[in-house]
Structures are given as structure tokens and as C-alpha cells.
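Colleague: Okay, here's what each chain looks like letter by letter:
Protein chains: 2
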Amino acid sequence: MNKLYVVGIGPGAYEDMTVRAVKTLEDCQVIAGYTVYVDLVRKYFPEKEFLTTPMRQETVRCRMALEKACEGKTVAMVCSGDAGVYGMAGVLLELCADYPQIQVEVVPGVTAAVSGAAILGAPLMHDFAVISLSDLMTPWELIEKRLRAAAAADFAVCIYNPSSKKRADYLKRACEIMLEYREGSNLCGIVNRIGREGMSSSICTLEELCSMQTDMFTTVFIGNSVTKTVKEKLVTPRGYKFQ
Amino acid sequence: MNKLYVVGIGPGAYEDMTVRAVKTLEDCQVIAGYTVYVDLVRKYFPEKEFLTTPMRQETVRCRMALEKACEGKTVAMVCSGDAGVYGMAGVLLELCADYPQIQVEVVPGVTAAVSGAAILGAPLMHDFAVISLSDLMTPWELIEKRLRAAAAADFAVCIYNPSSKKRADYLKRACEIMLEYREGSNLCGIVNRIGREGMSSSICTLEELCSMQTDMFTTVFIGNSVTKTVKEKLVTPRGYKFQ
Chain C
1 MNKLYVVGIG PGAYEDMTVR AVKTLEDCQV IAGYTVYVDL VRKYFPEKEF LTTPMRQETV
61 RCRMALEKAC EGKTVAMVCS GDAGVYGMAG VLLELCADYP QIQVEVVPGV TAAVSGAAIL
121 GAPLMHDFAV ISLSDLMTPW ELIEKRLRAA AAADFAVCIY NPSSKKRADY LKRACEIMLE
181 YREGSNLCGI VNRIGREGMS SSICTLEELC SMQTDMFTTV FIGNSVTKTV KEKLVTPRGY
241 KFQ
Chain F
1 MNKLYVVGIG PGAYEDMTVR AVKTLEDCQV IAGYTVYVDL VRKYFPEKEF LTTPMRQETV
61 RCRMALEKAC EGKTVAMVCS GDAGVYGMAG VLLELCADYP QIQVEVVPGV TAAVSGAAIL
121 GAPLMHDFAV ISLSDLMTPW ELIEKRLRAA AAADFAVCIY NPSSKKRADY LKRACEIMLE
181 YREGSNLCGI VNRIGREGMS SSICTLEELC SMQTDMFTTV FIGNSVTKTV KEKLVTPRGY
241 KFQ
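Protein chains in written order, with my numbering: chain C, 1 to 243; chain F, 1 to 243.
Hints are supplied without guarantee of correctness; some may be wrong.
The list treats identical chains as one, so a pair stands whether inside a single copy or across any two.
[Said to hold, decoys possible] Here are the computed lysine to aspartate or glutamate pairs in the EDC-like style, where the Cα-Cα straight-line distance is at most 20 Å: (1) LYS228 with GLU105; (2) LYS145 with GLU180; (3) LYS241 with ASP135; (4) LYS241 with ASP98.
Calculated from the structure, these hints are not laboratory results. Here the structure is a predicted model, which means the values were calculated and not measured.
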């Protein structure tokens, strides 16, 4: 049985890969993935064969990787963050039903909820929800239902894909929904380009978040009702009593 | 300004640490933490000074680490998984308000939601909620409210701390709440001792999950309404159409 590895490379820097991810990429023959993600690792593994496709060609990319694995090559498909959180692990596992000789193994990585939270402080210390605002494959009604549920039950929330050129006002719409349940002063944070060149982050209120500029490299954090700042870091307390 | 690092070491194996976590532990003078977690890394960094406290002494442990950093030592506090998800990042950031000369830096790691999902397949490929069933510091009513919200809005759910000796029936109670909103056939999975000796995992239905044996080393996954199995792996589809 040939193995195809789907590897979460974390936010982007070499140091943020797990030792297992590094070893998997060292040991494979072919590194496949979306061009932008492959370019993040290419310089560390220059001798590999690379297989890339542009954005939105996810299923084509996965089929290419599976075909390559069928040829007997050891293939690693790279994803930013974790492969199992809005990454390629799901599609590869679904498609591999058509390739009986291939076994897909997921090599976990540090997803943006976790790496972004570390930059801001500890906004996800208590129960949290992870929601993508991309409605390419999910009806907006379901996204809105989940935002309402998370807001009403006082989850901390991490938002992936807060906006894109075509969805410029989605974060604003999400904030307006949250504001039906939460105070305008509810603390939030955003991180741009986590772990990559030009990284930036800021802490703001939910009201201010409505008009923040974000793009597809932004991860958004909405604290719960007790989230606070300590020394300019965002902290959602878990409830420890201090002497 | 002295730095105190709070380091997520991932599920437990050396290979599942990030390169940054390894470097941080290599470069520090003192490794602090709960005895069980320190024992996971001790053999890889035998020449360090170790500072451990038993379970339930979280704030004592954090104060000890902060005092040690005040003496001018470089200290790394280790947590299993990620330090910012039910770990020590929050307490340290809160307590460091009392230590103006100390800056706390969070080194992110692979949390159990992500590492456990990778073992099972890809159950968290779509929007998901992370909920701890520990009511030591959170009223059960709030836990129940969050379970209901996540169940009703069709989130995939990852449950931390599903049970302990004192809370033997909590997972059963959580499943019964989920069953008010979900089919008994809703697919679920559990992973015990992720990445450590004696790891085991299984896939079951929500109905079956009610009577599963779990302990404090178990992570529980409840799929959403479209979660399925492919070649014995649990997959929550994101919605890609396949040719």
C-alpha cells in the first residue's frame, strides 16, 4: 500500500513546522500543493520534485497527487496551518476511495486559530468556535446560524477567511450579527500574515472590528464576554482564582 | 525585560513538537510544568533544571516559573498540546501583570483537536466547536448551553476532558444533550493517549458514544450531520464537487 502524506506546515515559517512534518518532507520524493504554500517550503527542500496548481483547483491538485502516488512515488501534499482544518485532508481522504492502493496519512500542524492566538496572547483559553466566512461551498444562512449560536452561547470565536475581493463586507456582516448578542466593547483581535514577512496584529473592540480592513491572510478573533487585556495581550480567563 | 516562554509540546512525542518549541527548550535554562508533561520532554533535554508541581496546582506552578524568571533564568513552561487551549498561557499572562520585568511569550503547539482529528481522518474539516466538560471552574449550565448551541447549529464538536473519576457520567450527559438535536447515527470518534504509548482510536455513532469508556487522556469528536466514513476514516466534507 503506497502512502500519501497530507502535511500541515503551520503558519509559514520553517520553525513552526513540527519535527514530523519536516521529516515527512525530507523523506518524500514529491511535494504537491497550492503554489503559494509550496513556495513557503521549496527553499528548504530544493532537491524535490514539485507539483503545484493555482487556487480553486483543489480537486485537480488532489487527483494529481494521488496519480503520482500510484506511480510509486512518495508524495507529500502541503497545506498551510493544519491539513484537517479547512485544508486538503478531507478531499484527499474522500478521493482516495477511488485509489484502493493508496493510504492517506494526515500529519497535523499548527492551525491559524492556535498560531494567531499565540500572537495576540490567549484569546482561546476557554471553549471556542471556529467558523469560516467563505460561502463558496457553504450557504450564508448556515454560516449566519453558526455565528448566532456561537455568539449567544458566549463562545470565543475564531474566524477564517473573513473576506476576499468578492466578499469585501462579510466580516462587517458577521460583526453585526455578533453585536445582536454581545456588547460593542467585547474585545477582539486580528492577525495578518501569521508567522510570515510583514506580520501585524491588533486588538480592538467588536464595534471597531466592523470596519477593520482584512483580507484572505487575516485571522480574526472575537473574545467571549469576559475576555480582557493584560499588558497589551488578549486573555480569555479560564477561571483560576489567584492569591 | 526577561522572557518566560510557555510552550505547547503537542500530543507528547518529540516528533510532534514544532521546531520552534524544540529550539526554545534547547535554549532555556529551566523547564517548568506539570510533572506528567515535564516527564514527556525530560529525556530530550536532560541537562536542564526542572521545576514541577502536581496537578491542580496551576497557579503555584506559574508563580514558581515567574519567580525563577525574575532571578534572571530563561524559563520555559511546558503544556501538552497547545499552551493557549486549556493550557497555562492564560494564567501566566494574567499573573505576569504582577511582574513588570517579565514578558510572557506563547510558543504554539498542536492541540488535541488537531492531532486527534488527524488520527481519525478529517472530522474537523468544516466549522467546529471546542468544548471542555470539566466543571471545576465552569458552571455545568454554561457547558450545557454551549453543547446545545453547537448541536443545534450543526457544528462538528471536539470535546476535551470528557470525564474523570469524579465526573464519570459527564460524556453520557453531553451525548444525551446532543441527541436532542442530532440523529443517533451521527458519526463520532474517540482517541486515547494521542501520540503516546498505548494510543488507540475508534469510530462510533453518537448513540454508541453515550456508553464509551473515556478518561482524562481521551479526546472526543462528534461529527456534523454530513460526516461520513471513507476507508475507515472519519471525514466531514467541506463541500467540494468531484468529477
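Colleague: Work down the list of hints and note, for each, if the structure agrees.
Modeller: Evaluation of the provided hints:
1. LYS228 with GLU105: Classified as between; 17 Å across copies, 39 Å inside a copy.
2. LYS145 with GLU180: both (13 Å within a copy, 18 Å between copies)
3. LYS241 with ASP135: Between. Shortest inter-copy distance 14 Å satisfies the 20 Å Cα cut-off; intra-copy 42 Å does not.
4. LYS241 with ASP98: between (54 Å within a copy, 15 Å between copies)
Consistency with the previously given hints is maintained throughout, with no hint failing.
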